[in-house]
Amino acid sequence: MDVIADQDAWAGRKQFVTVGDIDIAYVEISGAEPALLLVHGFTDTSRSFSLLAPHLAGRRLIMPDLRGHGASQAGKGCGIADFADDIAGLIQCLRLDRPLVVGHSLGAMVAIALAGRHRELIGGLVVLAGTLSPDFAPDHPLVAGVEALRDPISPADPFYAWW
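Going left to right, the sequence shown walks through residues 1 to 163 as our numbering numbers them.
In short, the hints are calculated from the structure, not lab data.
Being a predicted model, the structure only gives us computed values, none of them experimental.
Even for Gly, the Cβ is constructed at its ideal location relative to N, Cα and C.
Certain hints may be false.
[Said to hold, decoys possible] Distance ranges between label pairs, derived from CB positions:
#, residue 1, residue 2, range
1, D97, T131, 25 to 31 Å
2, D139, T43, 18 to 24 Å
3, P54, T131, 27 to 33 Å
4, G12, R95, 23 to 29 Å
5, P54, K76, 32 to 38 Å
6, D139, Q15, 32 to 38 Å
7, G124, H55, 15 to 21 Å
8, R117, D21, 17 to 23 Å
9, T43, G123, 26 to 32 Å
10, L56, P138, 35 to 41 Å
11, A9, L132, 35 to 41 Å
12, K76, L56, 30 to 36 Å
13, A32, E120, 19 to 25 Å
14, F16, L52, 19 to 25 Å
Just need the whole structure built from these sequences, with the hints factored in.
In structure tokens form, the structure reads like this:
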């Protein structure tokens, strides 16, 4: 089994693909097709799925860090369409065959936009805690927040043992 429940090991498992002009980080766990592509929420990273991954053992999992989050580069735009196009590029770079896309929060909005913009690339959609009107104007205060994001809590932080 290729599942990573160890929080300290998560960052070491990140791989990168170049989509457009930015490097997108992702963690991949091998398993059966179709792959599940898990898209995290605002201020989060792929690591948000690290404790869910053991429950999905046997399934191929792809868990990216959205642009400007975790180990992925920020790039110039951070609208929902930018995130969706990045995920479409990831699907194409990894040659995924119509993965099932699961999005949480901001990831749900990205998944909805992905389905609208690139429906031929996905096999199904699960959205959790998202909205149907997701895009932010370039001058929206959240844009600056996304551009400044990094993985704020180290996997070694005592917070994780407590939480």
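Going down the list of hints, with the structure as the test:
Under the hint 25 to 31 Å, the C-beta atoms of D97 and T131, about 29 Å apart, fit the expected range. Separated by about 20 Å at the C-beta atoms, D139 and T43 satisfy the suggested range of 18 to 24 Å. In this structure the hint that P54 and T131 lie 27 to 33 Å apart at CB holds, the actual value being about 30 Å. Checked against the hint of 23 to 29 Å, the C-beta distance between G12 and R95 comes to roughly 24 Å, which is consistent with it.
As the Cβ distance of P54 to K76 is approximately 37 Å, the hint placing it in 32 to 38 Å holds. Checked against the hint of 32 to 38 Å, the pair D139 and Q15 passes, with Cβ atoms roughly 34 Å apart. Our hint of 15 to 21 Å for G124 and H55 holds, since their Cβ atoms are close to 18 Å apart. Remark: the range hint 17 to 23 Å for R117 to D21 is upheld by a beta-carbon distance near 19 Å.
A beta carbon spacing of about 28 Å between T43 and G123 agrees with the range 26 to 32 Å that was offered as a hint. Under the hint 35 to 41 Å, the C-beta atoms of L56 and P138, about 36 Å apart, fit the expected range. Between A9 and L132 the Cβ separation comes to about 37 Å, which falls inside the hinted range of 35 to 41 Å. Checked against the given bound of 30 to 36 Å, the beta carbons of K76 and L56, roughly 34 Å apart, stay inside it.
Look at A32 against E120: about 22 Å separates their beta carbons, and that is inside 19 to 25 Å. Checked against the hint of 19 to 25 Å, the C-beta distance between F16 and L52 comes to roughly 22 Å, which is consistent with it.
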